[in-house]
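Student: Letter by letter, the chains look like this.
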Amino acid sequence: MKRSFLVLFMIILLVTTLTFANVTLVFWHSMSDYQKPALDRLVSEFNATHPNIHVVAIYEGNYDQTVTKLKAAFLSGNTPDVVQLNIEHLRIFTANHQLLDLSKFISEDPSVKSDFINSFWKTVVINGKPYALPFNISCLMLFYNKDLFRKAGLDPNKPPKTWKEMEKIAKKLTIRAPNGRIIQYGLFWGVSGEDTAFYQFEPLIWQNGGRIFNSSMTKCLVDQPPAVGALKTWKSWFKEGISPANMNLQEGIQAFMMGKIAMGPMTSGGIRYALDNLPWDLGVAMLPSHKATVTTLGGGSLAILSNVSPKKQKAAWEFIKWMTNTKNTLYWYENTGYLPVRKSALNSLQIKIIWKRFPQLKPAVEAIPYARPRPVNVDIIEIRHILFNAIEEVRHGIKTPEEAFKDAAQKIDKILKSEETK
Amino acid sequence: MNERKSIWIRGFKHCILISGAILMLFPFFWSVSTSFKSLREIFRNPFSLIPIHPTFNNYVAIFNKIPFARYLLNSFIVASATTFLQILTAMLSAYAFSRLNFKGRNLIFYIFLATMMIPGQLLMIPQYLIVAKFGWINTYQGLIVPYAATALTTFFLRQFFLAIPKDLEDAAVIDGCNSFQVLVKIFLPISKPAISTIAIFSFMWSWNSYFWPLLIVNVPKMRTIQLGLAMFRTEGGIQWGEFMAGTVVATLPILIAYFFAQKHFVKSITLTGLK
Amino acid sequence: MFITPTGLIITVFVFFPLVYAFIMSFHSWNMSSAPMYVGLKNYIMALESVSFWNSMLYTVYYVLGVLPFSLIFGLFFALLLKDNDMRGTSIYRMIYFMPVVTSPIAAAMGFNWIFENQMGIANHLIEKLGGQPVSWLSTPTGILQMLFNHFNVVLPKILQGPSLTMCVIILLGIWQNVGYATVVYLAGLQSISDTYYEAASLDGATNWKKFWHITLPLLSPSTFFLLIMFTIASFQVFGPIQIMTPAGGPLNTTSVIVFYLYRQAFSYYNMGYAMAIAFLLMGLILAITVFQFRFLERRVNYE
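Protein chains in written order, with our numbering: chain A, 292 to 713; chain B, -9 to 265; chain C, 468 to 770.
I should point out that these hints are in silico values taken from the structure, not numbers from a laboratory.
There is no bait here: all hints are sound.
With a Cα cut of at most 16 Å, we get these calculated EDC-like pairs of lysine to aspartate or glutamate: (1) Lys55(B) <-> Asp331(A); (2) Lys3(B) <-> Asp550(C); (3) Lys55(B) <-> Asp324(A); (4) Lys612(A) <-> Asp406(A); (5) Lys3(B) <-> Asp552(C); (6) Lys395(A) <-> Glu609(A); (7) Lys(-5)(B) <-> Asp550(C).
Turn these sequences into a full structure, and let the hints steer you where they fit.
Tutor: Here it is in structure tokens:
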């Protein structure tokens, strides 16, 4: 009896190994909550259509946590094969040659490279070599509550185009109760302090004609007038009472969802989630411009680790290429709001069908030409926290905009300097 | 007269105690209540104490989204094994520190004690490297063994053993028992209350631990319940209903265990507090 | 022989890592590149860093907030429960102890929801009573400073007190500790022989005097025990802070020392620096515990 079980087991094992995967790839990602089902669907379809490759997708926490996990994994040798990394974190690993240089594969497959949207492609190239494929790229968009626009007598199809217009509209959308308390705010330009700290503030500096770093990334420029000016303007939104001064980002999003805030910047990667879950009519628009029209480009990419065997490398390349192909990038776009990464996808017929179904997804694609990647550096996480703290000090009235950004720039310059000596 | 007065005083005491109990219970009650509310109800009517249209959807959603059953099982295995091993190691070492004479006994004991003051995060990276050397990443061993012995349990049991009268074991020694037999036959039965304390606290501690599993577990099938719970805390808006449902699921087992063991709890804390 | 298992595990998983961490604290290491010896630089950097000292201050706030209130409320409830003839003692005790067994992660989530800005029930109650809603989790102002704001006085930083956000976290700490203190004190009270009180009654002592001269001194072993346990645990508070204020709170006012350490280690990968901070913290806890043993234990009245 026992023996026959054993034999049966062996046969099953043999059959499984023969028919299914001769390569198993472990894939770490950071897609939680609402994006996860879409990602899982893609991976299982890949597994179904690629009998020789089996991909195991594992959620490992947000982008920052994935960096920690991956660093720890390298110490112990328990690394995955493919990993989704924030485009701004690639450098942390290329500095120690831990990611696979994809040049070889790209040269075999030249059509792949030329089909990626140029500005996206640049984010994965470090010192002239591509280390990942852009996968979930998003840009910051202005989300607004069309219902509140209508109630205030505003045209819900005319979102603000400039800072001035935005301020004007926000004032109209700010409502006070008879006792003077504000019960609805026009605007909340919340800035995150965790995973993607300072994300929402960067376009304000650019729109004001400024820069955050010099081009060689050796000096922080937030103490210059354009950045300081942006900070002053941001502060004025709180002072004038069109923005709630005492809310952190999470509370702000909560209030926005509840219809107590009319406008705010959000990542395009959340459009589908918002459409599915908000009980009111959502409007999505390009960020208002000031001296320049610009938004932030952020998001993740798929990289292969350099320590995997050549056989796995090939399979991994097959996988990341498939994940970012025209059809799948469109599926991903429709189900999350992350941008299509291929030129062929932008020109496809399907995208027009998607726009018909979800008109709010269209402005994100239109924003691509204006989207600028976030500055990157090996110590970027610490640097962003310093910048975030600086604007918080201004919001809470501890420092003036000038002081806050001057102090921050000094601290950051010190870090940048110490990198040179490393 | 006196009788009447004491009734009044007692009533007053009950009033204070009940208000205290309400404060203590409220967070539990509120979490449970929220976990049965739909997202819509939370938005529209967040303050109704009891859900108007109670729904199980949050629970269904979390069990669909995350393999909570598996996480509960893992937590249970890890916590039970850790508890068992902690008792075993503590028994042995406490016996040694309280009864056996060997060179440097007190010095070693105080060094043991000092380890209680080390911030856990300090040790994590080196511990991680060691566990990795053993090939224990993503394994139960990795989760259990580093915490199979602690200074605290040893300290606690030693204090208890010190209070056991010597005559008892003398009799046993005369009967020809060796140290190990003395430990099993004499000390083990007497120290049941102390052991149950350790059991309860180790189990609770292990069940609630978070950072060590976070560091050494990379695969879903080895995750513990606390890791599953923390996963809900993503950026963006929080799904409060599901969030609270997760909290309830993660807390319930330990509360049930506590209800069953609470007599021992009280008895044993009585012991710890007096030493 | 008997200590081999414990000794082995503690050596491998505590002492060895400790030595390793100690060596690392003299290096600069980002977990990926090779460590580089830097001498005392990490320690000097910590002692010169404003953030480090702020974290120390916030930690002290937390400890000073949690410790006395946990003890006082614990004693208060224990005194109420001591009545042997009263019914329901065990039920109260059971309820009061429930927060102790709850995981800090779950408890922090519950408190986060109660004190949420928009939908938290705390703000709802305040509004019902006619007050202004409070931004519990995003107000950086110290509570003492808030008081003095009415007189337009700006206190020096060290006197401003814990931020409102920190106060919520302190409240959580108290909530999780009171039950434990209650049970320990109750046990202490029950072990005090009635003869003391009878003798005192004969001498005509008031209840207050009895409390002050009999109860409190005879409870000192319990107090001492709780003090040691709570001190060690409070200095290492981390979980609730990570859950309730993952970015370190408004203006980093909840960034206690272990949070600061964690960030340095696992967000910025300044491993050597983080380990240096950990050793400074350990030294501090050790010093305080030794102090408590040397100076306070003398006053403890072991019957």
